[in-house]
Structures are given as structure tokens and as C-alpha cells.
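**Q** On the provided structure of chain L, position chain D as indicated by the hints.
Order-wise, the sequence lines are chains L and D. Note that numbering that gives the first Met the number 0 gives residue 309 to position 310 of the first sequence, counting from 1, and the numbers run on in steps of one. Note that numbering that gives the first Met the number 0 gives residue 161 to position 162 of the second sequence, counting from 1, and the numbers run on in steps of one.
In case anyone wonders, no lab produced these hints; they're calculated from the structure. Just so we're clear, the structure is a prediction, and the values are computed from it rather than from any experiment. There may be inaccurate statements among the hints.
Okay, derived cross-link-like pairs now, SDA-like style, lysine to any residue, Cα gap no bigger than 20 Å in a straight line [to be verified]:
no., chain 1, residue 1, chain 2, residue 2
1, D, K464, L, R268
2, L, K11, L, G68
3, L, K156, D, I20
4, D, K89, L, P148
5, L, K104, L, S87
6, L, K156, D, A24
7, L, K156, L, A232
8, L, K104, L, D19
9, D, K405, D, T252
10, L, K156, D, E13
11, L, K156, D, A18
12, D, K89, L, R146
13, L, K156, D, R2
14, L, K156, D, S11
15, D, K89, L, P149
16, D, K89, L, A289
17, L, K156, D, Y12
18, D, K464, L, S239
19, D, K89, L, C288
20, L, K156, D, A5
21, L, K156, D, T29
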Amino acid sequence: MRPEDLLCPSPKGLYSPAGDFYVDPTRAVPRAVITHGHSDHARAGHAHVLATRQTLDLMAIRYGEGFAGSTQALAYGEAVAINGVRVSLHPAGHVLGSAQVRMEKDGLVIVVSGDYKDAADPTCAPFEPVRCHVFVSEATFGLPVFRHPPAAGETDKLLASVRIFPERTHIVGAYSLGKAQRMMALMRAAGHDAPIYVHGALTAITDYYGMQGLALGDIRPVKGTDKAAFAGAVVIAPPSSMTDLWARRFADPITCFASGWMRVRARARQRGVELPLVVSDHADWDGLCASIRATGCEEVWVTHGAEDALVHWARTRQLRARPLHMVGYGEEDEEAAPADGAAPGAEP
Amino acid sequence: MNRFAALLDRMSYEAGRNAKIRLMADYFRTTPDPERGFALAALTGALSFANAKPGVVRALITERADPVLFEMSYDYVGDLSETVALMWPKLEGAPAHAPLLSEIVHGLSTLSRSTLPRRLAGWLDGLDETGRWALLKLITGAMRVGASARLAKTAVASLGSVTPDEVELVWPGLAPPYEALFAWVEGHGPRPETSNPAPFRPVMLAHAIEEANFADLNPGDFSAEWKWDGIRVQAVAGTGPDGVRAVRLYSRTGEDISEAFPDLADSIAFDGAMDGELLIVRAGRVEPFNVLQQRLNRKSVTVKMLAEFPAHIRAYDLLMDGGEDLRERPFAERRARLEALVARLASPRIDLSPLVPFTGWDDLTRARADPASAGAGPDAEAVEGVMIKRADSPYLPGRPKGPWWKWKRDPHTVDAVLMYAQRGHGKRSSFYSDYTFGVWTEGEEGDVLVPVGKAYFGFTDEELKRIDAFVRRATINRFGPVREVVHEKDEGLVLEVAFEGLARSTRHRSGIAMRFPRIARLRWDKPPGEADRLETLEALLR
Numbered sequence: 000m001r002p003e004d005l006l007c008p009s010p011k012g013l014y015s016p017a018g019d020f021y022v023d024p025t026r027a028v029p030r031a032v033i034t035h036g037h038s039d040h041a042r043a044g045h046a047h048v049l050a051t052r053q054t055l056d057l058m059a060i061r062y063g064e065g066f067a068g069s070t071q072a073l074a075y076g077e078a079v080a081i082n083g084v085r086v087s088l089h090p091a092g093h094v095l096g097s098a099q100v101r102m103e104k105d106g107l108v109i110v111v112s113g114d115y116k117d118a119a120d121p122t123c124a125p126f127e128p129v130r131c132h133v134f135v136s137e138a139t140f141g142l143p144v145f146r147h148p149p150a151a152g153e154t155d156k157l158l159a160s161v162r163i164f165p166e167r168t169h170i171v172g173a174y175s176l177g178k179a180q181r182m183m184a185l186m187r188a189a190g191h192d193a194p195i196y197v198h199g200a201l202t203a204i205t206d207y208y209g210m211q212g213l214a215l216g217d218i219r220p221v222k223g224t225d226k227a228a229f230a231g232a233v234v235i236a237p238p239s240s241m242t243d244l245w246a247r248r249f250a251d252p253i254t255c256f257a258s259g260w261m262r263v264r265a266r267a268r269q270r271g272v273e274l275p276l277v278v279s280d281h282a283d284w285d286g287l288c289a290s291i292r293a294t295g296c297e298e299v300w301v302t303h304g305a306e307d308a309l310v311h312w313a314r315t316r317q318l319r320a321r322p323l324h325m326v327g328y329g330e331e332d333e334e335a336a337p338a339d340g341a342a343p344g345a346e347p
Numbered sequence: 000m001n002r003f004a005a006l007l008d009r010m011s012y013e014a015g016r017n018a019k020i021r022l023m024a025d026y027f028r029t030t031p032d033p034e035r036g037f038a039l040a041a042l043t044g045a046l047s048f049a050n051a052k053p054g055v056v057r058a059l060i061t062e063r064a065d066p067v068l069f070e071m072s073y074d075y076v077g078d079l080s081e082t083v084a085l086m087w088p089k090l091e092g093a094p095a096h097a098p099l100l101s102e103i104v105h106g107l108s109t110l111s112r113s114t115l116p117r118r119l120a121g122w123l124d125g126l127d128e129t130g131r132w133a134l135l136k137l138i139t140g141a142m143r144v145g146a147s148a149r150l151a152k153t154a155v156a157s158l159g160s161v162t163p164d165e166v167e168l169v170w171p172g173l174a175p176p177y178e179a180l181f182a183w184v185e186g187h188g189p190r191p192e193t194s195n196p197a198p199f200r201p202v203m204l205a206h207a208i209e210e211a212n213f214a215d216l217n218p219g220d221f222s223a224e225w226k227w228d229g230i231r232v233q234a235v236a237g238t239g240p241d242g243v244r245a246v247r248l249y250s251r252t253g254e255d256i257s258e259a260f261p262d263l264a265d266s267i268a269f270d271g272a273m274d275g276e277l278l279i280v281r282a283g284r285v286e287p288f289n290v291l292q293q294r295l296n297r298k299s300v301t302v303k304m305l306a307e308f309p310a311h312i313r314a315y316d317l318l319m320d321g322g323e324d325l326r327e328r329p330f331a332e333r334r335a336r337l338e339a340l341v342a343r344l345a346s347p348r349i350d351l352s353p354l355v356p357f358t359g360w361d362d363l364t365r366a367r368a369d370p371a372s373a374g375a376g377p378d379a380e381a382v383e384g385v386m387i388k389r390a391d392s393p394y395l396p397g398r399p400k401g402p403w404w405k406w407k408r409d410p411h412t413v414d415a416v417l418m419y420a421q422r423g424h425g426k427r428s429s430f431y432s433d434y435t436f437g438v439w440t441e442g443e444e445g446d447v448l449v450p451v452g453k454a455y456f457g458f459t460d461e462e463l464k465r466i467d468a469f470v471r472r473a474t475i476n477r478f479g480p481v482r483e484v485v486h487e488k489d490e491g492l493v494l495e496v497a498f499e500g501l502a503r504s505t506r507h508r509s510g511i512a513m514r515f516p517r518i519a520r521l522r523w524d525k526p527p528g529e530a531d532r533l534e535t536l537e538a539l540l541r
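Pulled out of the complex, with its shape left as it was, chain L reads as follows:
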């Protein structure tokens, strides 16, 4: 069996001809396998969706209960057969519930990473390299300039600033699914036990993380809180709301943004960020290279991000490699689209 018979790019997303299913399709399809709950990967309207329990729950929170015709939950490591293709899900370390999709037929194994990171994250199961012949990797941060420092150091930077400017509010822009909860967990681990205030868009997802057993401490809604309480406090909000009227209630705020994009100064400045925090839920360059090697694969396909650099690197390591030029990913995903899809590799 040729790899292309098991998986190939198509206008609607990655498609398995052998199994007649799509992975993270960008348009409605009869049968979809979803890697994680971010909006560019998990869309509503598919007839059938296979994903982890947590991804299904998060999709229901975002889109409502009827987001798909029918759903099927699959635990990490558990396998099902779809038209003769053996499909299983494995932790991707990206956000709660995120999974890599392993598919196997006639001895050929392809793994689709979805979005992943190999860095530690207390809010989700750690990334597990899965042995395969073909590894389909993202490359959101696929340039050697993207090296993410330990997240604890970035958290210290935030808390140090809170100490220098105790009369100001630190508004931390963080994506509502995953990053926001990770920032809460990081701040708690650094000993910050004051209340953390959150934007309304974060409440339901944060509550869900809590129900999944994650202790995030005293989390309070911004809405209905007396303005005086925000002096010296940390507020977490979706990035888009930071320039909204919503943010005007905070006197003299310091705009912080937790994202891997903050590694590049132009990115941070473009957004008017005053305190960039380099905290990413994607693998950095070293992480991508190490993860690809850890799969023992012979061939790498690169879905979205800075494909060219990663393909070049793989070829210098004697791996077959090709860019898939997938469109639709990283463009509407909050994490991957800091400024109108001008992500590396987002160019046609």
C-alpha cells in the first residue's frame, strides 16, 4: 500500500481514501476524526465525529450539543476500525483532550500530529511520540528563531512586573481554550494565590478544566467586580478583547500576551503588547525536530506553518519530506493567527 492510498491532502483537509474519513476537515464531511477543540481543527456540522471525550465535550461547549450528527469518544491508546483502517488516538500535549491520530493498514503506519508540543504542561496529558512510517507534522513555529524558553521563567516575568507596578492591572491575552488555563496553572505553581479575574468568554471552558480535576485556585469573573479590585490584579482575556471597549474598565493597564509568537519582537509590537510572554502550546523548532526524530519515521509531511524550513531540515537529515500546503489551518485559529493570517508560511 502506498502512503497516498492511506492518506492524502484534499481541498476539505486530510483524507483517507482507504478509510473514507477526514482528519480535521475544514468543511462539513460525512466522517471526521478531530484532533483537538481549537476552531480551525474542530468545526461544527459533520455527520459523524470521532475524537477524545474531552475534545467532544469542548466542542459541545463551543458549538452546542448538536454540533455533529453523531459522535464517538475514543480513549488514548484505544483503537477502532474504520473501513479496514485501524485508527487510534494518542496524547499530543497541545491542550486538554488533544490527540495525534495513528492510522494503520497492511503494515503501513501514518501518524497525523494535529497541533502538538513536547514541553511540560500541567493542564493536559504529555505528548507521546508514536512510531510510524510517515509522520504528518504541523510547523506553526517551524523556524529556528522560535525557541520557547521554560514557561516558568515567563511567568516570573509577569509576576515581577506585577510587583513593580502594583497600582496597574496586568491584562494577559491568552487563547480561551488551553492557554488561559495553562497560564492560571503556571501562576499558581509560582505561588501567586491572589484571585485571577477572567473575561466571560473563558468561564465555561475554565469551569470544564476544573471539572476535569485541575485546581486553578480563586478564579473570578471580571463582570460584576468592583473596579478597585483590578489594581495590582491579573486579568486573563481572549486576545481579541484586549483592544475592545471591554478593556477600558481597567485604569492604566499593562497589555501582556502569552503566545509563542511573542518570541519575535515585531509580532509583539505589532499588537501593541507591552509585556510579551513567550508561552506556546505548539512545539518550538527544537521540539519539532526532536519529535520528528522520536517517531522514527522515514518520511515527513508538513501540514501548515513554516513548511519550507522544516522540509529543508528533514532533507538534510536524510528523511523524505514534503510540504502539503494545507490551507485553512492556523488562519482562524487564535493561537496561530496573531495578525490576520500573516503567519509564517501562511503565504500562498
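**A** Then chain D, alone, in the frame of chain L:
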């Protein structure tokens, strides 16, 4: 170095002046000598290193990293120092010694061109991403963190109870690492002696006036004068305790530009400090700015240049008259002293900027619209607008709101078609933000667009995103960082471009050079076929 790097990093994102002062003051307060002194030198631009050139940095990275990955990264980041700082691959087992700023400053000033690269690589191995970025910015002289020398001195002053102006006065006699300065400011040392008989005084600047401001302003409280289109200068002269006379010409930021204008030295025949506009005056007429440009940013001036482009000062204000400080006096009184001085000098190189008489704002509106018939005569082309100054205003350093206003002339505008876009630098490095635009002219096979200028500001961040998206969508050709975008009569993007003036140019295919072009509006609604024609611009030249 790591602490200093953290300061620079934080400051590079901080827009607030007061917050910057606090961050710097916090650093100075908690960092020992001589480290903080070298930091102050770096912040005030007092350091320069001859052997550290961007080429050295480039050579180091190509030695260490895959050149293809480096080029891709550089293309994305758009800044050499930052690219190298971020992707620098540390040598396995390199000693993790983070160098001190003083070590680096000492090393850079003593190492030879051949020994520098190896030492630099060692320092880079010892630092983290932020430390490497700061080091590379420091050595390549491109350390822009939005803090002027003035701001750094203000932060130093805030450590104790002296004013920034007092720091400014002693500054010319000091050298890094400024131990005596810190000791004085912190109250455990004497005031350092200044030996500069002709120091710079921080200049006073004006706010742009808006329509709405006039309602609150009483014309009787103000006087008006032309705003000349040259460069703002301060001419200072004095005699030191050793009896040696010093004559200096400063730019408005305090940069000593005396050497570039030796033809003015003899004319500054007074003791004191005069504020004025540097212009080129030939046969009694003020030349436009593009003529003055011939004299700017030159390391040396030839006799021919001096003869061809004679420099001139048009005086606005008098800050010091002899040893007497006039800055606390009202503008009207300073103006009278200035008039007396200029009359006494009777120099062909120094004259007064005349006042523009007016009784109500309507008069001034007319004068601004037509300076030629309001007293500027044949020099009207060199008038950039009018300055409105309160008669009772003291001379205050900085840009205080209220006492002085500037009211520029309305710019010209033209509808042009976007032809090429280039990726920007710095904060815009991943956006197509530099735009070459053209207007229609008759070609051999019908109308063609001819480029008439390039603009890279005037738009909002939101507009930038939209143009960037358009450029990516409408690309028809790529030349390195430049993209050609579709520009047909019925397809393309029309930009309303504002500019200050036009000059004939042999360097441009259109024969025209635009002064200070910027994007005034995006005309998504307008078909490119309806954009302006070259003849419209040529008419302005007559």
C-alpha cells in the same frame, strides 16, 4: 549584561514615558557602579565600537548555522541582530558564563578586528536570547528602545533631588561610567564640574493645533510667525574659564553638528544661545528643503558645497544672552532681546524670522493659505505653516501643551495606484508595508502607470492588515522582498497619497520627486482607471 538586557527588553515594548523612567530608575538604583554607568552610556548613545560591524555578526552565524535556515529566518524576522540572537546554536559544552556589561565594553574597545569574532561568539554562548539580542544591538549601534538620552538623564535625576536640566548642564564634562554623576545625584558626592562653555539647552517644541483648539484660544494672547522648512538648530557660543572661545551648532536633539556647517562659525559672533531654523539662502531667497538636503548627513564639506549651498540661520528665540538665562522670561521679552541682538550682529547669515501680523484667527487662516501675500513673499515655498506662540510663554524644554502650537499648511493629495509592495522592517517585518505607487501617463500602447513615489506610513494598523492581505492576494510577480501587485484600469488598489511638495528629479522615471508622501486614505471604492494622471502633478511644478 543579563540585567541590562532585561531592562532594554522591557523598555523596547514600553510606550509610556513615565514607565520608562521608572524602569530605568529602578535599574540604576539596584545596579552597582560601574555596570550602571556603562548602561547609562549605552542608553545615551555615548558608546561606539569601531570593529563590531554587522558583517562580523553575519559571518559568525553562517559559520554556526545552516545558511538556508538562516536566510529563511532572517527573511521572516527582518532584523539581523534579532535573528542571530534567537537562532544562535550554543556550542555543546560551552561554559555558561554570562559576561558583565563592563567586560563587554572593555573587550569591544580593546579587541582587534581579528580577535573580536571569537570573543563575541563566546559571549553569545554565555547569554540567553534576550541577552544576545541586547549585546548585538549594542555592538552594531542599533539599540533603539525608544529612550532618548534626555529620558535616561531624567531617570538618573529621579534618583535624587536634582532636575534633568541640572544633569544636562554637567553632562558635557562627564565620561562613562559616570561614577561622579551618580554620587552627586545620590547625595554622596560634589556636583561635577562642567568645562563646556557652550552647552546645549533642551529645546521647546509645539503641539499640532486642531480645528477644535481655536475656540478656546484668544488671538490677543498670541503672536505668530512662519514655520520654516529647514532643520531646527541651536547656535551657542561662550568663553571657558581657560579663555578659549567655543562656538557650537546643535540639532534639536542636542547633536553637535558644528563641523558640518563651518560657514556659520564666524557669524555666531555673540555669547549666548539662539534657537532658529537652518536654511540655505541664495541671492536673498530661501531655498526649498531638497536643496538643504545636499548639506545634511555629510561627513566632510567641500569648499564647493559651501559656496554653492550657503547656510543661514533664521532666528526664532533667544535662550541665553551672554551669561543671562532668559528661558524663564516671557516670549515677548525674549523676542525683543532677540531682535536687538540680530540687529547688533548685522550678519548676512543670521536674520529674524518675521512675525506674521494678525488680529483674528481668520487673518491667520488666510496667511497660512497664502504666505506669499502675507509677508513671506518669494520665500513662501519654504514656509511649512505657521507657529502660534503665547506672548507670555517661558521657554520650556520638551513639548508642553498650550504655550506653543504649530499649524502646518494643508498637504497636497493625489490618487495613485499601488504597483509594488515591499516588506517592512522592525515591527512591520512580516507585513508588506512599503508601497510604490504610480499615476497614469500616455505610453506607446495607451495609458501606462509610472511610479511617482513610495510611502510607508499614514495608515492605521487595521489598514495595514488589509493592504497586506490585498498584496498577498493580488501578487503578480515577486522580486526578493518586493511584490508586484495587479494594477490594471479595472483591477487594483487606489491610494490617496498626501505630500508636502514636488521637485523635479532626474533619478525618477516620472521626472518628479515627492516630498514627505504618506497614505492619506485607501480608496477601495475607486477603480484604478480613475486615478490621477502625471499631467496633474506636472501642473503643480509650474
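**Q** Compare the structure with the hints numbered earlier in the document and write down the numbers of the violated ones, lowest to highest.
**A** As far as the earlier hints go, not one is violated by this structure.
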